[in-house]
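A.B. asks: Residue strings, one per chain:
Protein chains: 2
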Amino acid sequence: APTAALNAKFGVCFSCHGVDGHAILPTYPNLAGQNKDYLVQTLKEFRDGTRPNPIMGPMAKPLSNSDIDQIAMYFADLKPGKK
Amino acid sequence: APTAALNAKFGVCFSCHGVDGHAILPTYPNLAGQNKDYLVQTLKEFRDGTRPNPIMGPMAKPLSNSDIDQIAMYFADLKPGKK
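Chain order of the listed sequences is H and S. Going by this note's numbering, the letters in the first sequence line up with residues 123 to 205, in that order. Going by this note's numbering, the letters in the second sequence line up with residues 123 to 205, in that order.
No wet-lab data here; the hints were simulated from the structure. Keep in mind that a hint or two might mislead.
Identical copies look the same in the list; a pair holds intra-copy or inter-copy alike.
Said to hold, decoys possible - Here are the computed lysine to any residue pairs in the SDA-like style, where the Cα-Cα straight-line distance is at most 25 Å:
hint, residue 1, residue 2
1, LYS201, HIS144
2, LYS201, THR125
3, LYS131, LYS201
Using the sequences and the hints, build the whole thing.
C.D. replies: This is the structure in C-alpha cells:
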C-alpha cells in the first residue's frame with residue numbers, strides 16, 4: 123500500500139489505474155510491473171505535450187521530474203497480474 | 123508460444139514487445155496481461171493517426187480490425203511479470 127504522503131499526492135492516479143496498478147476500466151492500461159523507464163518517458167511526454175492526451179495531459183502538467191520518478195517507481199514495483 | 127501463422131503476421135510486434143509480452147528495452151512497454159480493450163483502442167489510435175507515433179503509426183497502418191483484435195488478444199492472454 124502507498125504511504126499517506128504518496129496517496130495524498132498521487133491519489134488521482136490510483137482512481138483510474140488502481141492503487142494496485144490494475145485499471146478500473148478495460149480501456150485504461152494496467153501499470154503494475156510496467157517498465158519504470160517507459161512510465162517516466164510517457165509521463166514526460168504527457169506533461170510536455172509531445173504526446174497529446176486530453177485526460178493525461180492535464181494530470182501530468184503539474185508534475186516535477188522528481189514526482190514523475192516517484193510515481194513511476196511506485197507502479198513499476200507493483201506485482202502485475204493480480205486479476 | 124504463438125502459432126506459425128501468428129508469428130508470420132506479428133513477428134514484428136514481438137521483436138520489440140517480446141514474444142512473451144515483455145519488452146526488449148526498458149523504454150518500451152510490456153504488454154503481457156495488458157487489458158485487451160486498451161490494446162485494441164491504442165492500436166486503432168496508432169493506425170488512424172489520432173495518437174501520432176513515429177514507430178507505432180507505420181506498424182499499425184496495414185492492420186485490419188480483425189488483425190488488431192487478434193494481436194490484442196494474444197498479448198492480453200500472456201502472463202505478466204515474468205521478469
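A.B. asks: Decide, hint by hint, whether the structure agrees.
C.D. replies: Against the structure, the hints:
1. LYS201 with HIS144: This pair counts as both: shortest intra-copy Cα distance 10 Å, inter-copy 14 Å.
2. LYS201 with THR125: within (17 Å within a copy, 28 Å between copies)
3. LYS131 with LYS201: within (21 Å within a copy, 31 Å between copies)
Hint compliance for this structure: no hint is broken.
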